[in-house]
Structures are given as C-alpha cells and as structure tokens.
Amino acid sequence: MIIAWLPTVPSESNVLQLVEAFVATNPHIVRGDLTMIRRTLGHCVANSPPRLPEPPVEPMDFYDLAAALTTLAADLYTRLRLCDYSAYERGEPSRFDALVAMNEKLSLWVKDCILSQRDRDSRKRCVKRFSKVAQECRKFRNYNSMATIARVLDEKSKPLAYIPRTMEMLSRSTRESLKQLSAIIDPYDNYREYRKQKGADGSDCIPWLTVLLSDLKRDLLRYPLIVERGDHQPELINFERYRKLAQKIHMYRMPADLERRRRGAHVTYLEAKLSNIAFPGVDEEGEDLRLRELKEEEEKVYRKRTDELRRLGFRA
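All residue numbers for the sequence shown refer to full-length UniProt numbering, where the first residue is 1 and numbers rise by one.
Incorrect hints may have been included.
To be verified - Lysine to aspartate or glutamate pairs mimicking EDC-like chemistry, simulated, CA-CA at most 20 Å apart:
1. Lys295 - Asp112
2. Lys139 - Asp61
3. Lys158 - Glu89
4. Lys156 - Glu259
5. Lys244 - Asp84
6. Lys132 - Asp61
7. Lys128 - Glu176
8. Lys248 - Glu293
9. Lys248 - Glu89
10. Lys156 - Asp189
As the list claims (entries may be wrong) - Beta-carbon label-pair distances, calculated as ranges:
11. Pro224 - His250: 51 to 59 Å
12. Arg172 - Lys300: 22 to 30 Å
13. Pro255 - Asp288: 45 to 53 Å
Calculated from the structure, these hints are not laboratory results.
Being a predicted model, the structure only gives us computed values, none of them experimental.
For every residue, glycine included, the Cβ atom is placed at its ideal position computed from N, Cα and C.
Between the sequences and the hints, there should be enough to build the whole structure, so can you do that?
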C-alpha cells in the first residue's frame, strides 16, 4: 500500500522525508519491503518536476491572465472526486477547500489591484483590464474565475460603488462589458442568466463554485443517506443519492492552446501573486476606510478639475 501511495505525494511535500525516516527506524518492516520502499522514494524524487522560477515581469496581456486563471482553476476542479462532494456536505475537509481559497484570494487580489492605484486614470485602466480578463475567462468556459472577478467589478458592490468618479471615466464598451458580467452573476430566478450561459456549453466547463455547492446542498437534501422501510424492516442504502452526486462530476477538457502553455510564465506569475495574498486576513474596517478616503479624494479632484488641467499641460 505504501509503495502504491508514494507516487501520489507531491514532491515538494515533506511527507517523502517523513516516510523515509519512518521506514529506516521501524524494525517491523522486512528487508525486501524496505528496499522496494527506498527505491520508490528515490524514483519519486528523481522524477519530481523542477521548482518554478521566480515570477517574471507582470504579463500585460489580459488573455495571458485569463489563460493562467483557467489553467489553475482546471487543475483544482479536475481533482474533485465523488468523496469530496460527500465530505463537503458533511462539513469535512475536501478538495473543494482549495477552490474556495483560490476564489477568495483572487477576489482579494483584484480588489487590491484597483484600490492600490494612485489616481482615477490608473484605476480606470485596472477596471478595464479585469473586465477583459473576466470576459476572456467566459470564452474559455471558466465560469468560476469569471464570476469571482465579476463580483468584485459589480457597480453596486465594493469597491466600485465607492469610486463613482472612476466609473464615469470608463468607456462605453467597458461599461457594457461590466453590465453583461453583472447580469450573468445576478441571483435572480435562481441564477437564470448564468444557467443560460452555462447551458450553451453543456457540462464541458468549469462551473461557478458558489452555484455548484448551492445546488449540491439543495439536491442532496431530497435524498437522505438511507431509506427507511418501516415495520421493523432493515434500512436500505439510498443509491439514488450517489447517482445524483455522480451527475455533479463533469470533466473539463482544457483547450489545446492552454494545455501547451500550462507552465508558461503567465501561470508562474499568477501562482506567485495569489500565494502572496494575506489569507484570510480581510480587514473590513481598513478596506472601508480606504474606500472612503478614495471617494473623498476623487470628489476633491473632480471639483478642482485636476485631471483635465493636467491633460492640458498645466501643473495641478
């Protein structure tokens, strides 16, 4: 069992070292098994992928960023198994945890990118860029990353609701893009627009995790673990429940051009960015304070026509 399990352990994990130390000091492991385990350990280390280099300069192409998001999301989504759905329903750790963490980190990163810009023009470009990233994710059928970004870019929510002067500077095409994204994530009529978009692609997509988990909980409430027969007859396993669970598992076929770029610089960059996000560590009070300061600053600049004067060549 140990020999079959070892190749599944990530090479960067310290589990391999712990196993090696254990087998070396355990007197109950016979010599033949010890040799095979050590040989397998050596094979795992020798065939482990090289560590990723330091992230390169930030990719400016929104396509690259959407491709990286889709690659990372697909890697996590395709690892889900039937047992993960059951574990999530019971509130136990599962592979869903990694997807939830990625979504929260992505949301925090997009917010930080917008709020860290020094002026309205920079914030406008940042909003425009992420709207294009979200739309590109939609084209890749990566509805999970698309929806995560779209929720941050919703004009009725933070942070965009606090920076109306920045929003006024957006081009008509960008505003239309944001409007379309907001419509897709609108919860009206049980996320009707999202389901309509997703239905056009069938099951071959990365679904929006929020809706997937909501559907999972709702559906499984209809199918208890066991079927009671009454009259002191033995209870039966409810196989219909597991059939419904199995229907939730769909494959996502990565587009060929994304598969070729799986270990490109843009993926390395995004992995580094998300790994550096303080998580969970969301300072709601600090965020609200920053948003109020930005709103006051924008109103002050707007009243003084500072941006217009600078564009005309005046010192403002």
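A quick look at each hint next to the structure:
For the hint pairing lysine 295 with aspartate 112, the CA-to-CA distance comes to about 16 Å; that is within 20 Å, so the pair holds. Distance restraint check for lysine 139 and aspartate 61: the Cα-Cα separation of roughly 15 Å lies within the 20 Å cut-off, and the hinted pair is therefore satisfied. Taken as a hint, the lysine 158 and glutamate 89 pair is broken in the structure, with Cα atoms around 30 Å apart against an allowance of 20 Å. Of the supplied pair hints, the one linking lysine 156 and glutamate 259 is violated, its CA atoms being roughly 36 Å apart against a limit of 20 Å.
With a CA separation close to 14 Å, the supplied pair lysine 244 and aspartate 84 stays within the 20 Å bound. The straight-line distance between the Cα atoms of lysine 132 and aspartate 61 is roughly 10 Å, inside the 20 Å bound, and the hint therefore holds. The suggested pairing of lysine 128 with glutamate 176 holds, with an alpha-carbon distance near 11 Å, which does not exceed 20 Å. With a C-alpha separation of about 45 Å, the suggested pair lysine 248 and glutamate 293 falls outside the 20 Å cut-off, and the hint is violated.
Between lysine 248 and glutamate 89 the CA atoms are separated by roughly 13 Å; this keeps the pair inside 20 Å, and the hint holds. Between lysine 156 and aspartate 189 the alpha-carbon distance is near 19 Å, which keeps this suggested pair within the 20 Å criterion. Distance hint check for proline 224 and histidine 250: the Cβ-Cβ separation is about 24 Å, which falls outside the suggested range of 51 to 59 Å. Between arginine 172 and lysine 300, the C-beta spacing of about 26 Å keeps the proposed range 22 to 30 Å intact.
A C-beta distance of roughly 40 Å is found between proline 255 and aspartate 288, which places it outside the suggested range of 45 to 53 Å.
In the structure shown, a violation is registered for the earlier hints numbered 3, 4, 8, 11 and 13, in ascending order.
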